[in-house]
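2 protein chains.
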Amino acid sequence: MSLDLTATSIDLTRQLVDIPSVSGDEGPIADLVEAALAGATHLEVIRDGDAIVARTDLGRARRVVIAGHLDTVPINGNVPSHVETDEAGETVLWGRGTTDMKAGVAVQLKLAVELAEPAVDLTWIWYDHEEVAASLNGLGRIARNRPDLLAGDFAILGEPSNGRIEGGCNGTVRVRVTARGVRSHSARAWMGVNAVHGLAPALAKLAAYEPAIVPVDGLDYRESLNAVEIGGGVATNVIPDKAWMLVNYRFAPDKSAAEAIAFLEEFFAGYEVVVDDAADGARPGLDAPLAQEFVRAVGVEAGPKYGWTDVARFAALGVPAVNYGPGDPSLAHKDDERVPVAQITDCEEALRAWLTGAITA
Amino acid sequence: MSLDLTATSIDLTRQLVDIPSVSGDEGPIADLVEAALAGATHLEVIRDGDAIVARTDLGRARRVVIAGHLDTVPINGNVPSHVETDEAGETVLWGRGTTDMKAGVAVQLKLAVELAEPAVDLTWIWYDHEEVAASLNGLGRIARNRPDLLAGDFAILGEPSNGRIEGGCNGTVRVRVTARGVRSHSARAWMGVNAVHGLAPALAKLAAYEPAIVPVDGLDYRESLNAVEIGGGVATNVIPDKAWMLVNYRFAPDKSAAEAIAFLEEFFAGYEVVVDDAADGARPGLDAPLAQEFVRAVGVEAGPKYGWTDVARFAALGVPAVNYGPGDPSLAHKDDERVPVAQITDCEEALRAWLTGAITA
Numbered sequence: 001m002s003l004d005l006t007a008t009s010i011d012l013t014r015q016l017v018d019i020p021s022v023s024g025d026e027g028p029i030a031d032l033v034e035a036a037l038a039g040a041t042h043l044e045v046i047r048d049g050d051a052i053v054a055r056t057d058l059g060r061a062r063r064v065v066i067a068g069h070l071d072t073v074p075i076n077g078n079v080p081s082h083v084e085t086d087e088a089g090e091t092v093l094w095g096r097g098t099t100d101m102k103a104g105v106a107v108q109l110k111l112a113v114e115l116a117e118p119a120v121d122l123t124w125i126w127y128d129h130e131e132v133a134a135s136l137n138g139l140g141r142i143a144r145n146r147p148d149l150l151a152g153d154f155a156i157l158g159e160p161s162n163g164r165i166e167g168g169c170n171g172t173v174r175v176r177v178t179a180r181g182v183r184s185h186s187a188r189a190w191m192g193v194n195a196v197h198g199l200a201p202a203l204a205k206l207a208a209y210e211p212a213i214v215p216v217d218g219l220d221y222r223e224s225l226n227a228v229e230i231g232g233g234v235a236t237n238v239i240p241d242k243a244w245m246l247v248n249y250r251f252a253p254d255k256s257a258a259e260a261i262a263f264l265e266e267f268f269a270g271y272e273v274v275v276d277d278a279a280d281g282a283r284p285g286l287d288a289p290l291a292q293e294f295v296r297a298v299g300v301e302a303g304p305k306y307g308w309t310d311v312a313r314f315a316a317l318g319v320p321a322v323n324y325g326p327g328d329p330s331l332a333h334k335d336d337e338r339v340p341v342a343q344i345t346d347c348e349e350a351l352r353a354w355l356t357g358a359i360t361a
Numbered sequence: 001m002s003l004d005l006t007a008t009s010i011d012l013t014r015q016l017v018d019i020p021s022v023s024g025d026e027g028p029i030a031d032l033v034e035a036a037l038a039g040a041t042h043l044e045v046i047r048d049g050d051a052i053v054a055r056t057d058l059g060r061a062r063r064v065v066i067a068g069h070l071d072t073v074p075i076n077g078n079v080p081s082h083v084e085t086d087e088a089g090e091t092v093l094w095g096r097g098t099t100d101m102k103a104g105v106a107v108q109l110k111l112a113v114e115l116a117e118p119a120v121d122l123t124w125i126w127y128d129h130e131e132v133a134a135s136l137n138g139l140g141r142i143a144r145n146r147p148d149l150l151a152g153d154f155a156i157l158g159e160p161s162n163g164r165i166e167g168g169c170n171g172t173v174r175v176r177v178t179a180r181g182v183r184s185h186s187a188r189a190w191m192g193v194n195a196v197h198g199l200a201p202a203l204a205k206l207a208a209y210e211p212a213i214v215p216v217d218g219l220d221y222r223e224s225l226n227a228v229e230i231g232g233g234v235a236t237n238v239i240p241d242k243a244w245m246l247v248n249y250r251f252a253p254d255k256s257a258a259e260a261i262a263f264l265e266e267f268f269a270g271y272e273v274v275v276d277d278a279a280d281g282a283r284p285g286l287d288a289p290l291a292q293e294f295v296r297a298v299g300v301e302a303g304p305k306y307g308w309t310d311v312a313r314f315a316a317l318g319v320p321a322v323n324y325g326p327g328d329p330s331l332a333h334k335d336d337e338r339v340p341v342a343q344i345t346d347c348e349e350a351l352r353a354w355l356t357g358a359i360t361a
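From first to last, the protein sequence lines are chains A and B.
Going by our numbering, 65 is the number at position 65 of the first sequence; the sequence numbering is gapless.
Going by our numbering, 252 is the number at position 252 of the second sequence; the sequence numbering is gapless.
Hints are computed from structural coordinates only; laboratory data are not their basis.
Owing to the predicted nature of the structure, the values given are computational and were not obtained by experimental measurement.
Pairs involving identical chains hold if they fit within one copy or between any two copies, as the list cannot separate such chains.
Restricting the straight-line Cα-Cα distance to at most 30 angstroms, the calculated cross-link-like pairs of lysine-lysine (DSS-like) are:
| no. | residue 1 | residue 2 |
| --- | --- | --- |
| 1 | 205 | 242 |
| 2 | 255 | 205 |
| 3 | 242 | 334 |
Could you build the full structure based on these sequences and the hints that come with them?
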């Protein structure tokens with residue numbers, strides 16, 4: 001079995017979707033990608049675990065990094081792929097990973113071998129473990145092991161964005177808010193202190209809160225503040241002595257994760273607040289000259305990205321980065337994940353035109 | 001192995017505690033009780049599953065039913081029993097079932113064989129499955145199969161009451177209160193409806209509620225209304241579409257379980273309210289002449305019982321019933337369950353004096 005990188009980007013998406021690559025099992029697909037690149041003499045290919053990096057070294061004035069992840073969330077009866085017509089009459093490719101994000105990877109792989117003489121030097125990165133714990137993330141591993149491989153003047157992450165350009169991303173913090181009480185039998189509740197009832201003021205404040213919309217570098221970042229889990233209880237006849245909420249704050253990239261945590265600690269003053277997860281966002285970086293040229297070339301309006309993505313890893317290294325790829329992000333991880341084939345072709349053409357055209361920035 | 005019913009009630013408590021009889025495993029202890037009663041010719045002994053009923057038939061004007069359960073909650077390193085001196089300097093018998101309620105059963109067994117000529121006819125009942133689902137309860141099974149065996153003018157249930165007389169019991173209803181929402185990614189929360197936030201008004205109302213104290217037949221029943229469990233959440237990055245509370249209402253016996261459920265349905269109007277469990281309480285029945293005489297004979301003030309007990313099964317059959325037994329009810333089910341030996345002897349003496357004295361009621 002091998003990958004045919006000269007196929008259309010639609011066919012290539014199908015080839016990729018039909019190779020299962022759930023996080024932790026990216027070995028076979030990484031092997032095939034590495035083998036398929038072997039004949040492209042304009043590329044230096046470097047393997048790091050199950051991530052593949054392919055670089056031109058043409059001495060261009062600027063370097064653009066273009067990255068995508070090879071893994072998917074678990075398959076649930078949605079592999080192999082098939083082509084169908086959706087309710088809107090559009091031809092779509094259906095299956096796990098079509099949207100998130102093998103269509104984006106297919107476009108990248110096709111252009112990587114095709115573009116032997118791009119207008120900028122290119123670093124292509126296809127990596128593992130994006131859909132699982134941040135500590136396993138392949139791009140994060142490369143950033144730690146070989147930060148030089150991520151260096152560039154601009155980065156494009158192929159996460160699904162419906163073919164729009166989505167700049168930066170909100171940050172995310174998750175905290176556990178805990179109320180304490182004293183157990184007693186529920187028939188003599190006055191001998192105890194009900195911790196679930198103790199959560200009431202915090203939950204009421206949270207439910208009443210209206211999240212802000214924060215303009216950053218010309219884009220409006222809409223925040224979210226939500227309980228994503230709540231729990232408490234010992235037994236059905238016991239007054240609970242502990243109750244908690246997991247609260248997720250998606251905050252605009254005008255503030256750091258540390259500032260977001262400080263906000264939550266004040267918001268939930270009087271409760272135990274323990275940080276469960278925290279990641280800085282990324283400013284959109286659309287003031288970078290290469291970014292502005294890219295937006296002009298693609299010819300669509302840029303918007304903000306709400307979900308946290310690996311663009312933040314580039315931002316942390318000082319590389320302006322945007323999300324740009326085929327597929328509806330709201331279908332990511334859904335069992336009926338699918339991508340309009342026209343978006344795959346549109347992305348391929350826009351990227352090719354920009355990378356082979358006159359880049360003056 | 002056999003039980004020696006001529007031992008002191010303290011020794012007999014130890015014998016019973018050292019025979020494991022966790023709910024569902026009452027066969028061996030029921031066999032020993034049945035065998036030990038064989039020589040008591042003044043008793044007719046009837047077995048129903050692992051429950052033993054022993055009756056006198058002396059043609060007395062009144063019949064008193066005295067009952068206790070043979071089972072315990074699971075053992076947790078607290079069998080066999082031992083004698084120790086507690087912090088207050090009292091001699092206590094320590095171990096699973098000492099309080100709930102083998103000390104009470106020991107007093108009953110001892111008096112059952114000893115009192116061949118009581119002042120009233122007696123029906124003694126030792127039964128199984130009290131500590132588990134109500135549908136398995138041995139006393140409930142007898143009430144269905146042989147309600148004639150529960151007939152009497154007055155009933156005494158040997159549940160721990162610290163040697164006080166506790167009349168009737170609160171009822172209990174448990175409902176599941178559910179809020180619904182719409183899932184979305186927590187980075188785009190405005191596309192969903194957060195069901196945990198939807199619980200906020202219900203939880204706030206519950207936390208602010210001040211339960212009533214309701215006088216019934218001269219005793220003050222203190223009610224409780226509490227969330228005993230709360231839950232909700234799909235994943236840490238998903239707006240939850242469902243959240244729920246289990247709410248336990250311990251209500252005074254002036255109202256039925258159906259009335260308590262109606263109260264909760266109105267209290268939580270706008271939410272899904274599903275009944276999880278419901279049991280009527282029991283009015284104290286202390287206006288019954290035999291009950292009044294018993295209270296005078298024991299010489300302690302009667303108080304209300306807050307926890308639901310099987311006295312409600314007698315009340316449902318029209319038999320006034322009280323709780324009266326050695327042991328602190330707040331130690332029931334605790335791993336350091338223990339009973340002051342003096343309370344065992346006091347109960348034995350008070351019951352003997354009343355059952356052999358002049359009962360005129």
